[in-house]
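Fit chain B to the given chain A structure using the hints.
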Amino acid sequence: MAESDLRLAIEKFAKDLAAKAESFVEDISTLEVRTFTTPSAEIATLAGGELDLADPTLARQLQLRAYTKIDFDCDTTICLPVDNNDQVDRSVWDMHQTMVMQALKTRESMLKSMGTALTSALDALQRVAG
Amino acid sequence: MTVSRFTLTGLSVLEGAAALPADDLLGIWELNASQTTAFAAVAEDAAATSSPAGAVEPGLIWRVELPASRGEAKSELEARLAAARVRQAYLEAAEKRLSDLQMGLVYSAQTADAESALLAEVMALRGSAVAYGAGDAGAISLLHLYEQCEALVARFRRLVQHYARVETSVGGQPVALTIVDWSGDHSVTWQDGIGPLDMALHMDSVRLVLATRQAWLRLISVVASGALSLSVKASVPGGQFLLFPAVYRFVRDVLAELEQVQVNQEAPG
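So the sequences go chain by chain: A and B.
For any residue, its number in our numbering is found by taking its place in the first sequence, counting from 1, and adding 148.
For any residue, its number in our numbering is found by taking its place in the second sequence, counting from 1, and adding 1.
Just so you know, these hints were derived from the structure itself, not from any lab.
Given the structure is predicted, the values throughout are model-derived calculations rather than measurements.
Take these hints with a grain of salt, some might be off.
As the list claims (entries may be wrong) - Coverage of chain B stretches by chain A, computed from C-beta distances (three or more under 8 Å per stretch; other residues unrestricted):
1) 150-164
2) 190-198
Said to hold, decoys possible - If the Cβ cut is set under 10 Å, some of the chain A residues that face chain B in the computed set are:
3) Leu154
4) Lys160
5) Arg182
6) Arg208
7) Leu210
8) Val230
9) Asp231
10) Asn232
11) Asp234
12) Met243
13) His244
14) Thr246
15) Val248
16) Lys253
17) Glu256
18) Ser261
Stated by the list, open to error - Derived list of chain B stretches under chain A, where covered just means 3 residues or more per stretch with a C-beta under 8 Å from a C-beta of chain A:
19) 77-91
20) 115-127
21) 205-212
22) 259-265
Note that the Cβ used here is the ideal one computed from N, Cα and C, for glycine as well.
Looking at chain A on its own, in the form it has when it is part of the complex (with noise of 0.2 Å):
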């Protein structure tokens, strides 16, 4: 009873993981970075929702301050924060620039992740069948 209750978790984790890593691969073709600000009374009601742009609340809630997105082949768009006097704003733009080196070094951790649960599987299920 354990036993079987286990192995169906244990059927719907790898079930999940493999469609995940499905989309994983569909999806890694492009790495998007989105900035926003908010006034400080405003960001404790944005806790525990989806961050939903096409919900017109949030939308006024939050302000797109910079944009970047980078192609699988390196191909890369950039929309930069300027201010009044359309002069680069530097204080978004050096937040920005943080995050999208962030979220390269995150991509490469997920894709290592992958690979080292791969190989482990690869290696496991060799043993079976050696």
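Coordinates of chain B only, in the frame set by chain A:
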């Protein structure tokens, strides 16, 4: 606020979660669904007035609450990041010990308690499908372990379904939140006028969350592949499922053992 809190909400509400300890098994995060925080207090008020009860499935939210002293906050985050790295190394050690396990060898109880306990369970499973009688302490312990494993796997499913939402507050004031999705895309919202110190604190919070997720996924990978290869070594039919709880306990024991070694090394005298 003078103390730090690192909480993960959304896992402890799962069925069967009571079978698991209230920490994250790596000792970094506190699992608690009912924290009142700078972010959460406002969210709960909003949910109470705008959403029907049970309408929204709670997601996984990683909350980092830091003291007003930026120096203390930085030290606390650095300590947790170091702890996450150490646990990753412990997991590698546990995987190596699992891989080195030999069925015919006798392990010294003093030097390899975890190996001895695991081999004893493997031998019991190999010798008989039902090693324990109903009501035996061993059977109850095994049943409890199965329940823990089932709850653990359910937790990991949830971890797979949701990626990471990180909320950082400093001195009781929310400063930033970041959502990372499965493809690595980041959406970050900063409080207007945030300073470089608070920004760095939030970045470290995001790093801590991602390092923890990586360690957890490594944990499940070590246990699953360990159970599979051990079932072959031990010739236990269907052993990858039967051995899952035993291997999970082995990994947990090795983590605790290595942790104790480190504590002993750091103890004065």
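Now for the hints, and whether the structure bears them out:
| no. | hint | result |
| --- | --- | --- |
| 1 | 150-164 | holds (count 8) |
| 2 | 190-198 | holds (count 6) |
| 3 | Leu154 | holds, 5 Å |
| 4 | Lys160 | holds, 6 Å |
| 5 | Arg182 | holds, 5 Å |
| 6 | Arg208 | violated, 14 Å |
| 7 | Leu210 | holds, 6 Å |
| 8 | Val230 | violated, 16 Å |
| 9 | Asp231 | violated, 13 Å |
| 10 | Asn232 | violated, 15 Å |
| 11 | Asp234 | violated, 20 Å |
| 12 | Met243 | holds, 6 Å |
| 13 | His244 | holds, 8 Å |
| 14 | Thr246 | holds, 6 Å |
| 15 | Val248 | holds, 8 Å |
| 16 | Lys253 | holds, 8 Å |
| 17 | Glu256 | holds, 9 Å |
| 18 | Ser261 | holds, 5 Å |
| 19 | 77-91 | violated (count 0) |
| 20 | 115-127 | violated (count 0) |
| 21 | 205-212 | holds (count 3) |
| 22 | 259-265 | violated (count 0) |
When held up to the earlier numbered hints, the structure conflicts with 6, 8, 9, 10, 11, 19, 20, 22 and fits the remainder.
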